[in-house]
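One line per chain: the protein sequences are A and B, in this order. All the letters of the first sequence, read from the start, carry residue numbers 6 to 116 under the working numbering. All the letters of the second sequence, read from the start, carry residue numbers 6 to 116 under the working numbering.
Treat the hints loosely; a few may be bogus.
Since the list gives no way to pick out one identical chain from another, each pair is judged satisfied if it fits inside one copy or across any two copies.
No more than 27 Å apart at the CA atoms, straight line, and that leaves these computed lysine-lysine pairs for DSS-like [as the list claims (entries may be wrong)]:
| id | residue 1 | residue 2 |
| --- | --- | --- |
| 1 | K86 | K72 |
| 2 | K53 | K86 |
| 3 | K72 | K53 |
| 4 | K93 | K53 |
Derived from the structure by calculation, the hints contain no laboratory data. Every value quoted in this text rests on a predicted model; they were computed, and no experiment measured them.
Protein chains: 2
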Amino acid sequence: MSVLAAQAVDPELARLRDSIDNFDAALIHLLAERFRCTQRVGELKARKGIPPSDPDREARQVARLRKLAVDAKLDPDFAEKFLAFVVKEVIRHHQTIAANHAPSVEEQRKS
Amino acid sequence: MSVLAAQAVDPELARLRDSIDNFDAALIHLLAERFRCTQRVGELKARKGIPPSDPDREARQVARLRKLAVDAKLDPDFAEKFLAFVVKEVIRHHQTIAANHAPSVEEQRKS
């Protein structure tokens, strides 16, 4: 049997892949909901003039997620890299929101 | 009120952060469970001599996750980057598993 045929018919591989696909769908939906929250955080921060980045909050999040990862038997270094990956995207969104909230050059001239 | 004090007391920010923390805990636990599945996939592949990487499967996953992301109002480019980030870690695990399953130089000499 070729390698491709083995992959096509192996029932254990197919079953595991079905689970992975379900986890991925759940992850995508959770990430979408997480970004809805951070979008609102970004708008709130822009409205109140709070800087987009918050190193203290991020340090607390890293420590907490590393601990949760250990409890879940996930590599804590991976959990930290994952948070950094998500936060990088969030900060990109927040900077866009802040830029849209900043007074334009025209508005600054008027004031 | 200083920026720090504003962050400390703003109830809407605190509420949103509580939600983000809950989503992060859920994400970490789902990722842990996803890696448990891919760990088993890696062991299965190593046992059956199936290559760790599978570009066809990955292309199907990308297309599916991009569609799920659009439905969930998440940037499909981000969803694709997220999958690449996770798969990169999975392939790293699988290569380690494959290396551990490969016959040692000593075993190869004996055969």
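Comparing the hints with the structure gives:
1. K86 to K72: Both: 14 Å inside a chain and 25 Å across chains, each within 27 Å.
2. K53 to K86: Intra 30 Å, inter 31 Å, cutoff 27 Å: neither.
3. K72 to K53: This pair counts as neither: shortest intra-copy Cα distance 32 Å, inter-copy 35 Å.
4. K93 to K53: within (21 Å within a copy, 39 Å between copies)
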